[in-house]
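So the chains spell out like this:
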Amino acid sequence: MATPKRPDKTLGESLRAHGLSRRGFLKLCAATASMMALPASMVPRIAAALEQAKRPSVIWLSFQECTGCTESLTRSHAPTLENLILDMVSLDYHHTLQAASGDAAEAARMTAMEANAGEYLVVVDGSIPGPDANPGFSTVAGHSNYDILMETVEHAAAVIAVGTCAAFGGLPQAKPNPTGAMSVMDLVKDKPVINVSGCPPVPMVITGVLAHYLTFGALPELDGYGRPMAFFGQSIHDRCYRRPFYDKGLFAETFDDRGAQEGWCLYRLGCKGPTTYNACATMKWNSGTSWPIEAGHPCLGCSEPSFWDGGSFYEPVSVPLTANARTLLTAGAAGAVVGGTVAAVAKHRVKKADANRQPVTIEELEKKL
Amino acid sequence: MPESDRAKEQPSAAQDCQGAPRSFGNAFPVLNEIRHALQRFVQTGEETRIDLSAMPFGPGDLDRLTDWLGTGEVQARVDALGPTRVQETAIAGVWLVDYRNAEQQRLTLHLEVASVPEILRPQPQDLADALTQLDARLEQATGTTPLSS
Numbered sequence: 001m002a003t004p005k006r007p008d009k010t011l012g013e014s015l016r017a018h019g020l021s022r023r024g025f026l027k028l029c030a031a032t033a034s035m036m037a038l039p040a041s042m043v044p045r046i047a048a049a050l051e052q053a054k055r056p057s058v059i060w061l062s063f064q065e066c067t068g069c070t071e072s073l074t075r076s077h078a079p080t081l082e083n084l085i086l087d088m089v090s091l092d093y094h095h096t097l098q099a100a101s102g103d104a105a106e107a108a109r110m111t112a113m114e115a116n117a118g119e120y121l122v123v124v125d126g127s128i129p130g131p132d133a134n135p136g137f138s139t140v141a142g143h144s145n146y147d148i149l150m151e152t153v154e155h156a157a158a159v160i161a162v163g164t165c166a167a168f169g170g171l172p173q174a175k176p177n178p179t180g181a182m183s184v185m186d187l188v189k190d191k192p193v194i195n196v197s198g199c200p201p202v203p204m205v206i207t208g209v210l211a212h213y214l215t216f217g218a219l220p221e222l223d224g225y226g227r228p229m230a231f232f233g234q235s236i237h238d239r240c241y242r243r244p245f246y247d248k249g250l251f252a253e254t255f256d257d258r259g260a261q262e263g264w265c266l267y268r269l270g271c272k273g274p275t276t277y278n279a280c281a282t283m284k285w286n287s288g289t290s291w292p293i294e295a296g297h298p299c300l301g302c303s304e305p306s307f308w309d310g311g312s313f314y315e316p317v318s319v320p321l322t323a324n325a326r327t328l329l330t331a332g333a334a335g336a337v338v339g340g341t342v343a344a345v346a347k348h349r350v351k352k353a354d355a356n357r358q359p360v361t362i363e364e365l366e367k368k369l
Numbered sequence: 001m002p003e004s005d006r007a008k009e010q011p012s013a014a015q016d017c018q019g020a021p022r023s024f025g026n027a028f029p030v031l032n033e034i035r036h037a038l039q040r041f042v043q044t045g046e047e048t049r050i051d052l053s054a055m056p057f058g059p060g061d062l063d064r065l066t067d068w069l070g071t072g073e074v075q076a077r078v079d080a081l082g083p084t085r086v087q088e089t090a091i092a093g094v095w096l097v098d099y100r101n102a103e104q105q106r107l108t109l110h111l112e113v114a115s116v117p118e119i120l121r122p123q124p125q126d127l128a129d130a131l132t133q134l135d136a137r138l139e140q141a142t143g144t145t146p147l148s149s
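Protein chains in written order, with the working numbering: chain Z, 1 to 369; chain A, 1 to 149.
Fair warning: there could be bad hints in the mix.
[Stated by the list, open to error] One side only, chain A facing chain Z, incomplete, derived with CB under 7 Å:
#1 F24
#2 H36
#3 Q39
#4 A54
#5 G58
#6 G70
#7 V74
#8 R77
#9 L81
#10 P83
#11 Q87
#12 E88
#13 Y99
#14 Q105
#15 I119
#16 Q123
The hints are simulated quantities; they were obtained by calculation from the structure and are not laboratory data.
Built from N, CA and C at the ideal position, the CB exists for glycine as well.
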């Protein structure tokens, strides 16, 4: 773990002290622009900003999670660059990655919070049993997740909720939500919350959001769900390389028919691309090798709220009543409009579902059993 | 190892698969974008960078685009934070800049429309430092300060 106190050197000074040439720095900026999903024309501005940047202290809290988000982060497809990015932030507390344990680990968190009050970033993965839930459902060092979260965010500059569990409740909150799981934005109301959803999120999206904060010293532009527009501004459907087949009305009907072999649109196999906003189509997975749709599987919609409770992964997304099926299947140029409408209807449905959320206690669960 | 051999060591995902890459039709619009960028460059001198790794390409689309652009006369390699390979395409003024890390994994792939890609040019701060550096070497060799002569 790095020392909690923020270094005095700017990033430019620090990198040059480590022997990085200006061409190397320019390359870093090009890769950073790509990582932040910014146009390549922004590279000179990024270079100017990074030159003066100072690395922020980051406290990473893990609650009701599977560590998949951290696994994703560590498998970022540019390890050397990721190491550099991890060097660019001062990662002062992270259960899985830190060497310290027990009291020393908790002391590191407290020291970082004191030394960087008002300036540090809190990254959260995992959902949190709400204030009314049994605190024993998930604890760290004997304290409830809720208490640790509220204590840590009190003097933070912002909170980044990484993964669908932290952003929207995710799997722990899926029906019947036995632990009364809540998302970070359900609980933190007085700090900016950035949602980096996905199960797990694309590795470069996690580092991209951190890089944005480092570069510009500000939070990125967010969508209605608090997700950075640069990565979640367009639907999977709109960025899908199979989209031309959708526009032509060419669909795979089963996983082994001609359509599947020819790489046609997976809409009828349950693809949630039209209602899902994420960067998979361009950033891809596994060192930029491929992504689910390229591997022939429909998008599950893992970056959207309540995706676990959204019905079968293999049923086509529901179609708004105002657009008949024939119109949709032969949509042609109107595809984008229909896709957008489907997305809007799905979002409305999700918001309604969120409003009716009914946490269930263990006692209630046991009664049913 | 010759540069061409190195490139062969790093086949793209599409090349790993058997059979000719299929066209998903997503490369052609980019070719048009390059056409507009080149026209702007010829008329006004405005340079353009396109991040090809941010394009929603399907398997084979990138290979198709690079095939269309062809291979020009100039190849260059920059060793800083791992290798960066610069390749002129058969279209003058259109360059492919392939940023890789020390493990040869691609960080990003840019297409630049310019006389010379930015990463090949010496940076202004480096030029200022270069003069001081050269003066120091001259002074060491001759025992006189060049600026005072």
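Structure-based check of each hint:
The restraint placing F24 (chain A) at the interface with chain Z holds, with a minimum CB-CB distance near 5 Å, inside the 7 Å limit. Evaluation of the H36 (chain A) hint against chain Z yields a violated restraint, the C-beta minimum of about 14 Å exceeding 7 Å. At about 17 Å, the closest approach between the beta carbon of Q39 (chain A) and any beta carbon in chain Z exceeds 7 Å, and the interface hint on this residue is violated. A hinted interface residue such as A54 (chain A) counts as satisfied when its beta carbon comes closer than 7 Å to some beta carbon of chain Z; here the least separation is about 5 Å, so the hint holds.
Interface hint at G58 (chain A): satisfied, since its Cβ lies 3 Å from the closest Cβ of chain Z, which is below the 7 Å cut-off. For G70 (chain A), the interface hint is violated, since its Cβ never comes within 7 Å of a Cβ in chain Z; the closest pair sits about 22 Å apart. Taken as an interface hint, V74 (chain A) does not check out: its beta carbon lies about 17 Å from the nearest beta carbon of chain Z, beyond 7 Å. At about 12 Å, the closest approach between the beta carbon of R77 (chain A) and any beta carbon in chain Z exceeds 7 Å, and the interface hint on this residue is violated.
Interface restraint check for L81 (chain A): the shortest CB-CB distance to chain Z comes to about 4 Å, inside 7 Å, so the restraint holds. The closest approach between the C-beta of P83 (chain A) and any C-beta of chain Z is roughly 10 Å, which is over the 7 Å cut-off, so the hint fails. Of the supplied interface hints, the one on Q87 (chain A) is violated, with its beta-carbon coming no nearer than about 16 Å to a beta-carbon of chain Z, more than 7 Å. Checking E88 (chain A) against chain Z by beta carbon gives a least distance of about 18 Å; that is not within 7 Å, so the hint is violated.
Interface hint status for Y99 (chain A): upheld, as the beta-carbon distance to the closest one in chain Z is roughly 5 Å, under 7 Å. Because the beta carbon of Q105 (chain A) sits about 6 Å from the nearest beta carbon in chain Z, less than 7 Å, this interface hint is met. With a cut of 7 Å, the hint placing I119 (chain A) at the interface with chain Z holds, because the nearest CB-to-CB distance is about 6 Å. With a least beta-carbon distance of about 4 Å to chain Z, the hint placing Q123 (chain A) at the interface is held under the 7 Å criterion.
In summary, the structure is inconsistent with hints 2, 3, 6, 7, 8, 10, 11, 12 from the numbered list given earlier, while agreeing with the others.
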